[in-house]
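Using the sequences provided together with the hints, build the complete structure.
Protein chains: 2
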Amino acid sequence: MKSDELFALLRRRGVLWPSSEIYGGAQGLYDYGPLGAALKRRIELAWSAWFLGLSEDYYLIDPAEILPEAVVRASGHLENFTDPQVTCASCGSAFRADTLLEKVRPEGLDGLSPSQIGELIEQAHARCPRCGASTLSVPRPFNLMFGLDFGAKAGERAYLRPETAQSSYLAFDRMYEVGRKALPLGIAVIGRAYRNEIAPRQLLFRMRAFTQAELQIFFDPAAFSVPFDSVAESTLPVLRAAERLAGRETTTLVRARDLVEAGGLPEFYVYHLAQTVRFFVDVLGVPMGALRLFEKSEQERAFYNRLQFDVEVLLESLGGYKELGAVHYRGDYDLSRHGQGSGKDFSVPTAPGVRVLPHVLELTFGVDRNLWALADLGIRTEGERTVWALRPYLAPVSVGVFPLLKKEHGPFARSLYQRLRDEGVDAEYDAAGAIGRRYARMDEAGAPFCVTVDGETIAPGTERTGTVTLRHRDTKAQERLGPEDLMARLRAAVRFPRPAV
Amino acid sequence: MKSDELFALLRRRGVLWPSSEIYGGAQGLYDYGPLGAALKRRIELAWSAWFLGLSEDYYLIDPAEILPEAVVRASGHLENFTDPQVTCASCGSAFRADTLLEKVRPEGLDGLSPSQIGELIEQAHARCPRCGASTLSVPRPFNLMFGLDFGAKAGERAYLRPETAQSSYLAFDRMYEVGRKALPLGIAVIGRAYRNEIAPRQLLFRMRAFTQAELQIFFDPAAFSVPFDSVAESTLPVLRAAERLAGRETTTLVRARDLVEAGGLPEFYVYHLAQTVRFFVDVLGVPMGALRLFEKSEQERAFYNRLQFDVEVLLESLGGYKELGAVHYRGDYDLSRHGQGSGKDFSVPTAPGVRVLPHVLELTFGVDRNLWALADLGIRTEGERTVWALRPYLAPVSVGVFPLLKKEHGPFARSLYQRLRDEGVDAEYDAAGAIGRRYARMDEAGAPFCVTVDGETIAPGTERTGTVTLRHRDTKAQERLGPEDLMARLRAAVRFPRPAV
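Chains as they are written, first to last, in the numbering used here: chain A, 1 to 501; chain B, 502 to 1002.
Keep in mind that a hint or two might mislead.
Unchecked claim - Simulated pairs of lysine-lysine, PhoX-like, Cα-Cα distance not exceeding 25 Å:
(1) B/K541 with A/K40
(2) A/K103 with A/K2
(3) B/K682 with A/K407
(4) B/K797 with B/K604
(5) B/K503 with B/K541
(6) A/K296 with A/K103
(7) A/K406 with A/K476
(8) A/K181 with B/K503
(9) A/K40 with A/K2
(10) A/K344 with A/K181
(11) B/K908 with A/K181
(12) B/K977 with B/K907
(13) B/K797 with B/K682
(14) B/K604 with B/K503
(15) B/K682 with A/K406
Claimed, not checked - Over 10 Å on every C-beta distance to chain B, these chain A residues come out as not near it, computed from the model:
(16) A89
(17) G108
(18) G111
(19) A124
(20) G151
(21) S167
(22) E233
(23) G331
(24) E408
I should point out that these hints are in silico values taken from the structure, not numbers from a laboratory. Ideal Cβ positions, reconstructed from N, Cα and C, are used throughout, including at glycine.
Spelled out as structure tokens, the structure:
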């Protein structure tokens, strides 16, 4: 499905829509409706169950999204978190330089100086995409953070965090005290980050407010031991930077062990790459063939990253591979910068007389982007029928509960529905219209199961509890089973997978 | 416990701490650590289970927190969402006028004009609380919204939402289409709201970024039918505005039925008051004796509110009753304003030829404040022992799992722990230190149960599954039971209560 077509479907079904829609929308902001909000929450829960399940020393915290200026000065965002921006003197529009140069330089502008970019614009005879005038300015750095006046006195500035990661770095000191005072220590945040994108586009892929799930693992580089054997034989779909720069653009399936032994990557890094791939494939259900670990070269990655593999997934709606997550080895950059900025020493004792400034391994995950990816990969239409194939624990509705006949079977169906809700199963009751129409509504909402209460359930005139029909979304297969079996089946199906560690 | 003492305890235990603490903190912002984040999430889940459980037509959505200027102009916040601010010409400090006048006018300044407030300040010979100079300015309205430059072009402004409610009003049109196209329709939002408080104080009670859980119920005032009989005989602790203005400051227990019949309140309103009281008492566990429904008079409430009862709870740490939630009957103010602002007609057909602009009943709930209240009401110290009494489904840790002896009982305890986690029970494993010390840690974290694996569990040398000791936090009572009974017990205990409707 094309991007517009998919978005129209999601909007119609109340999954998401442009924010402040009745006022014409706010560029780069989206609201999630009931199905979208539930799916988003479940993606977050799946992420937590998996990544916090990797270690008992990984914790989820919930920090404020506003950062005082001292924080973003220390982190480098005040100075460096910019995009080159070009304005048109005729119509006043503003553009990102890289979008103007997409045709002549599809690989982007990473690493080029503003004056180099200006030369490229001149050489390309670029014109204003809005009014067509050739009055484009030289590129100027535009800071992508949203700044705000903080407090009642003039002059105090704060910023909406441009990434959730900063909140974890700020919490390291406190968490080290609260925890076991030992490394590794993982601090996860799931929450909003904000970027004043010059040109929001591609729907959930370049938003001005978006949700990240990030785990920052603080570790002693001399002693970060992981259960590597549990992943050693897994194969990972990798595209190494060196291969790519040598013109070989093919993703290869490589054993985790070989990435360490022949590939020169540290065990702790490959271990987390492998657990990330398992999450995408085994938990989210992304086909292995649509996934690749795209290594960024030294030129392409942020200067503080020692290693960076982006998790990319091939999405039909956006016509190519899109970044949905990443694994960054950031060295000691973050604690070193915040140490300088705050005047505090964040080194920790690792042996008598030895102190180490912890390094950071960052696992990032874009919640909105992955929600879109699950729609792109999961929604298929078969004639009139639209089906959203989602793993049962991800589906916004777990089960539809229907009385075959509203009057006869309603009371029994409703009590079953109540019981499911009481037990924490997200059930939806539907007594309206033909049964096929009700199946269709549930299929479109991604509900993996439907339960129908019918003539066989209750012998007329009695109140005896009987069996119900369980219908499976993907196969349309139906089976009959009793209420206890049903409860056990549903409970097991909506359980979030956790890593075996 | 005094406020400072309670905060110190929560900070030490990693429940919460001042945001950006390593940079000296950011006034009015707090970060939740692992226990706080888990407790907060569980409060939100309890709220959702209860209030969304009131009707199948009440939905939870997840909208963006940034509002374009047109929205806050229409809602009235751009013009009216202000506090009178006084600045000191000598030291430059800024103060809220009401805090300067707290002693001479403890009832606050609602309804007074800036010049009336200025006169009061003069009469009181108020001085700058910081430097003592008598150079205070006349009061000026200070807008409490955080504004930001939105987009790359100069001049486009947006605002962090000052209340989550606006997001629901913006969504009404879309949700009416997505839902059954019928009233009542409930739209709930749980998320951050932001206010640039002149003087943040009382910790979680006047924050600059805070979490609200709000349900906006859109209804036809001529036809909002509720199952009133299910609450008619409940007694509610009310303090009516008329009584109060007549000098009678005593909270009285009144039957819901009498509030309608003698008290002149509409059934739909009293029904939701009663369900709110049930939530506070039955779900959160607030003692009925600490709760009151404080009616605001016409002068005290916002002009668009036709009825307003605040839910107030007596908190020792803050020395009085504090507002933790409210029930507002807002009439058709919101859809009428957004209709004018957007040029759209939000009336809906209710009968052939009849269209009605829906009225709004708003149920608000401050998540952070309630978290604080649960700490205030629930934490008690008995000598060395600190216990946090929380309902099992609210506790950040549901069960501590201990091997009595690390080596002998560790493997069994660990497999039990893994099974609990796999089934979604928030278990914590602890093998360190004396068993009494481990109980103490769990008591302080509010864990309702501890499970100990000991000599009776496994006969030495065999792998036979045996019974474990279940210890109850509040009574310290212990009992032995088998693994299946344990699972069933825990599953039932962590289930969120839902209203019987």
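Here is how each hint holds up against the structure:
Our distance criterion of 25 Å between C-alpha atoms is met by B/K541 and A/K40, whose separation comes to about 18 Å. Our distance criterion of 25 Å between C-alpha atoms is met by A/K103 and A/K2, whose separation comes to about 21 Å. Proposed proximity of B/K682 and A/K407 is supported: the alpha carbons are some 23 Å apart, at most 25 Å. For the proposed pair B/K797 and B/K604, the alpha carbon gap of about 21 Å is at most 25 Å, so the pair holds.
Only pairs whose Cα atoms come within 25 Å are accepted, and B/K503 paired with B/K541 is accepted, the gap being roughly 22 Å. Only pairs whose Cα atoms come within 25 Å are accepted, and A/K296 paired with A/K103 is accepted, the gap being roughly 22 Å. Between A/K406 and A/K476 the alpha-carbon distance is near 22 Å, which keeps this suggested pair within the 25 Å criterion. Distance hint between A/K181 and B/K503 is unfulfilled; the C-alpha atoms sit about 29 Å from each other, more than 25 Å.
Of the supplied pair hints, the one linking A/K40 and A/K2 holds, its CA atoms being roughly 22 Å apart against a limit of 25 Å. Of the supplied pair hints, the one linking A/K344 and A/K181 holds, its CA atoms being roughly 17 Å apart against a limit of 25 Å. Pair hint B/K908 plus A/K181 holds up; C-alpha atoms about 23 Å apart against a cutoff of 25 Å. Distance restraint check for B/K977 and B/K907: the Cα-Cα separation of roughly 22 Å lies within the 25 Å cut-off, and the hinted pair is therefore satisfied.
Between B/K797 and B/K682 the alpha-carbon distance is near 34 Å, which puts this suggested pair outside the 25 Å criterion. Between B/K604 and B/K503, the direct Cα distance comes to roughly 21 Å. Compliance with the 25 Å bound is thereby established for this hinted pair. For a cut-off of 25 Å, the pair hint linking B/K682 to A/K406 stands: about 20 Å separates their Cα positions. For A/A89, the condition that its CB be more than 10 Å from all CB atoms of chain B holds, with the nearest at approximately 13 Å.
With a least beta-carbon separation of about 18 Å from chain B, A/G108 lies farther than 10 Å from that chain, consistent with its non-interface assignment. Residue-level check passed: A/G111 sits 22 Å from the nearest beta carbon of chain B, beyond 10 Å. The Cβ of A/A124 sits about 21 Å from the closest Cβ of chain B, beyond the 10 Å cut-off, so the non-interface label holds. A beta-carbon of chain B comes within 10 Å of the beta-carbon of A/G151; the shortest separation is about 7 Å.
Not every CB of chain B lies more than 10 Å from the CB of A/S167, the least distance being 7 Å, so the non-interface label is violated. With 10 Å as the threshold on Cβ separation, the claim that A/E233 sits away from chain B holds: the shortest Cβ distance comes to roughly 23 Å. Every CB of chain B lies more than 10 Å from the CB of A/G331, the least distance being 20 Å, so the non-interface label holds. No beta-carbon of chain B is positioned within 10 Å of the beta-carbon of A/E408; the least distance is around 21 Å.
In terms of the numbered hints stated before, the structure departs from hints 8, 13, 20 and 21, listed from lowest to highest.
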